[in-house]
Amino acid sequence: VYISLETRFLNCMYAIVVSLYLMLCILLSWHCSWEEVSGYDENLNTIRTYQVCNVFEPSQNNWLLTTFIDRRGAQRIYVEMRFTVRDCSSIPNVPGSCKETFNLYYYETDSVIATKGTAFWMEAPYLKVDTIAADESFSQVDFGGRLMKVNTEVRSFGPLSKNGFYLAFQDYGACMSLLSVRVFYKKCPSVVQNFAIFPETMTGAESTSLVIARGICIPNSEEVDVPIKLYCNGDGEWMVPIGSCTCKAGFETDNGNVCRACPPGTFKSSQGPGLCLQCPSNSRSAAEAATICVCRNGYYRGDVDQPDMPCTSVPSGPRNVISVVNETSVILEWHRPRETGGREDVVYNIVCKKCRADRRTCSHCDDNVEFVPRQLGLTETRVFISNLWAHTLYSFEIQAVNGVTNKSPYPAQHVSIDITTNQAAPSIVPIMHQVSSTMKSFTLSWPQPEQPNGIILDYELRFYEKDHAEMNSTMVRSETNTARVEGLRAGTVYVVQVRARTVAGFGKYSGKMCFQTLTDDDYKSELREQLPLIAGSAAAGLVFIVSLVAISIVCSRYCSPGMKIYIDPFTYEDPNEAVREFAKEIDVSTVKIEEVIGAGEFGEVYKGRLKLPGKREIYVAIKTLKAGYVEKQRRDFLSEASIMGQFDHPNIIRLEGVVTKSRPVMIVTEFMENGALDSFLRQNDGQFTVIQLVGMMRGISAGMKYLSEMNYVHRDLAARNILVNSNLVCKVSDFGLSWTAPEAIAYRKFTSASDVWSYGIVMWEVMSFGERPYWDMSNQDVINAIEQDYRLPPPMDCPSALHQLMLDCWQKDRNARPRFTDIVNTLDKMIRNPASLKQVASIPAVPSQPLLDRSIPDFNTFSSVGEWLGAIKMTQYRDNFLNSGFTSLQLVAQMTSE
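Residue 43 in full-length UniProt numbering is what sits at position 43 of the sequence shown, and the numbering runs on without skipping anything.
Quick caveat, the hints were computed from the structure, so don't treat them as lab data. Think of the CB as a built atom: it goes at the ideal place given N, C-alpha and C, for glycine as much as any other residue. Watch out, some of these pointers could steer you wrong.
[Stated by the list, open to error] Lysine-lysine pairs mimicking DSSO-like chemistry, simulated, CA-CA at most 30 Å apart: (1) 661 - 615; (2) 149 - 99; (3) 611 - 626; (4) 584 - 632; (5) 248 - 592; (6) 661 - 611; (7) 611 - 592; (8) 248 - 229; (9) 626 - 584; (10) 162 - 187; (11) 632 - 607; (12) 812 - 705; (13) 128 - 99; (14) 626 - 607; (15) 615 - 584; (16) 611 - 407; (17) 187 - 229; (18) 661 - 592; (19) 812 - 524; (20) 607 - 584; (21) 838 - 705; (22) 466 - 508; (23) 812 - 838; (24) 466 - 512; (25) 128 - 149; (26) 353 - 584; (27) 632 - 661; (28) 584 - 661; (29) 705 - 440; (30) 128 - 162; (31) 812 - 829; (32) 512 - 705; (33) 407 - 248; (34) 524 - 440; (35) 607 - 661; (36) 584 - 508; (37) 162 - 229.
[Unchecked claim] Label pairs and their computed distance ranges (CB to CB): (38) 353 - 423: 13 to 23 Å; (39) 366 - 630: 41 to 51 Å; (40) 679 - 619: 11 to 21 Å.
Given only the sequences and the hints, what does the whole structure look like? Please build it.
Here is the structure:
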């Protein structure tokens, strides 16, 4: 038998394998049983082997130890062993202690410590790797080597952390030869993948370990997804690529992992795998790595044009303008420009100017001039212009513009035409107001038409009972813009229209507006309301002239919206019709959503931007309808827009429009930077002066006055439903139920008077900087307390005049509460007279019953009764007060109705 010890270098397909060439030395053997022997391998090559065969001696323990092996940073080591083993059964008279296996051990250390004669050989704490068994053993010996059975086994161990290690082979009773030992580790090679460079990476401590390698983008490339990494597995293979790099704009790939600059005359506008493109028409690039080709002089790209589109120029002017004048309207028609600049997006703008007859000066037309289909961005070559002044010279400029007109330093090409309007009847009277009413008459007034088109000769009113046919109308003439209509029935609603007349004839009738005469109960109620004032005046020696208060009657849909009466969208047979009538449809492309700012009943609320054609971009709030809605939810959601669209007041949140023709359905309103009033006040507790707080309350009351005059009842007036902009302007929003009046709780009766109750709660919230009304009391406890005449005490440092106004709002009898008109006037007096806010309120046991307007300047700020009367514009009654014995402010303060 001959065996050899050999070393070799193995380069595996799946990994770079580094072999450590070892000289296996016998440093010390307990029984000196391992022998180094020369022999021949199966190919008759001379080799050196180690062999041992002491099978006839009991208790064998023969060791073979390597020299110190540097691990070179590897965490897991592989050992390949080639050996032969003699079959014990083929050895005559072999004892039972004969083995056909041996053991592999290792010992990890930071330095060389094994030398002959040291205790290390005898006592080192070796760690066993495995017991090695032969797949094949031999039983006959052929010195030609043909019957020799060579086994190859590979074992691994780890993790390793010290500088190096020793290997040890233990024979404990086998007849065997160790031909060769190869020690190696595995690693993943350096590689360029997905335009990223990954460094050479060692495998992990376990065969199943994955080691993360971070990649670095190659030159002229940039990250697409981060982090960029590969995983090196236990076999030295790269796997699971994550992230990638790609060539930058201005650089292209050659289908390899190289990014090359675009040559002059070409460009690449974005990062990615694309190739450089030739510059489009009318553009050029003079340098390498161009990301866009610059337009030549006189050519431009539009705001929405892509970099690969050709540069274009502005159009020439429109041609062959024709005009047709009809009284105060005109039709303009024209032909398209000969040159469109190489673009298909040519549109037309109309500039309207009104000129003096001598043509010396011209000014832009009024906003009420109407253009159909529109004034700007016309795609047709025809426009109808109306609402012009009669007998007036106008100059119209028709501009041809396209997507690059705004890039040119020169004005848009245009053509002008002058026309003079003809004689015309007056325009429509915009609105009528009810000045007063009795049981058999009412007095109406109205403004002059916006375009009288001459001298108004007189007005004609026609009216009829609402429940009767229009053919039963009665006519009344008036030479002024006021008329008293008499001979009417008590408690009856009448539909009224008015029109103006000039020498050119009558204009069109105004929209139908509804007015009502007093009922017998209304008349008696008004008298009762005046009695306390009359009695108080008699006691003080004052004579007041009692004037009747005009009664606003809710108009049905039959009446004109010109009267500014609120129309409930749910009275429409099709609620979608209300949306179309009161809310403007917005193209979804003009809305840009930016971030979520809250959540509503129907979906999320976003902050965004709105850019309508011809207008500047503004920030907006966007309410959305969540997916999966049913038709009723969509109807309820859009009903808010149908309501908001009817309002136009600086203290009411403004509706910009709705998006109903795409998903999600949206309601777009103005954006209020400071959000809800209650949370804004809590965040700024104590930061505002009393006058600033009164100014906020005044804005809210002005908005509610507007709503009440439109006969709209809010039902959910609360600080959480008031929004605040960056200028501290408060605006009313949202609609529902809140801390409300007793009659609303008990009988579900909602009126402007119940809104006044809620307004008193809002005042309390403002003055307490957003504290919760009634604190943690349950709803039932609040109801019981109100019924027992409990009212909220004044907040800390609240002026007595403001708390008294709150108490007035909380009168149990709704007829005793002030109207929003009174509240606005009262707050205006306070703002003009800050001294009235100096006295701080104390906590009253029960609410006081107001005799006079308690918001007038505090008595203590005046030195005499006369001075006080002057402040409230009642100086003419000075003698009456003095003659009746009210000679001091203390006596005045004690006045009663008796």
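Problem - Pair hint residue 512 and residue 705, alpha-carbon separation not exceeding 30 Å - result: Satisfied, since the Cα-Cα distance of roughly 24 Å is no more than 30 Å.
Exercise for the section: Compare the distance between the alpha carbons of residue 812 and residue 705 with 30 Å, and conclude whether the hinted pair is satisfied. Expected result: Given pair residue 812, residue 705 holds - Cα atoms ~21 Å apart, limit 30 Å.
Handout entry: Agreement of residue 812 and residue 524 with the hint, judged by alpha carbon distance not exceeding 30 Å
Key = holds, 21 Å
Practice task
Indicate whether the distance between the beta carbons of residue 366 and residue 630 respects the range 41 to 51 Å.
Solution key: holds, 46 Å
Exercise for the section: Given the hint that residue 466 pairs with residue 512, test it: the Cα-Cα distance must not exceed 30 Å. Expected result: holds, 10 Å
Handout entry: Restraint status (C-alpha distance of residue 584 to residue 632 at most 30 Å)
Key = holds, 21 Å
Exercise for the section: Please work out if residue 626 and residue 584 have their alpha carbons no farther apart than 30 Å. Expected result: Since the Cα atoms of residue 626 and residue 584 sit roughly 21 Å apart, the hinted pair holds (cutoff 30 Å).
Exercise for the section: Starting from residue 584, check that the Cα of residue 508 is at most 30 Å away, please. Expected result: holds, 26 Å
Problem - 30 Å limit on alpha-carbon distance, applied to hinted pair residue 838 and residue 705 - result: Cα-Cα ~27 Å, so holds.
Exercise for the section: Please work out if residue 128 and residue 99 have their alpha carbons no farther apart than 30 Å. Expected result: Roughly 18 Å separates the two Cα atoms, so the pair holds.
Exercise for the section: With a cut-off of 30 Å on the C-alpha distance, tell me whether residue 128 and residue 149 pass. Expected result: With Cα atoms ~26 Å apart, residue 128 and residue 149 stay inside 30 Å; holds.
Problem - Agreement of residue 353 and residue 584 with the hint, judged by alpha carbon distance not exceeding 30 Å - result: OK: residue 353 and residue 584 at ~28 Å, within 30 Å.
In summary, the structure agrees with every hint in the numbered list given earlier.
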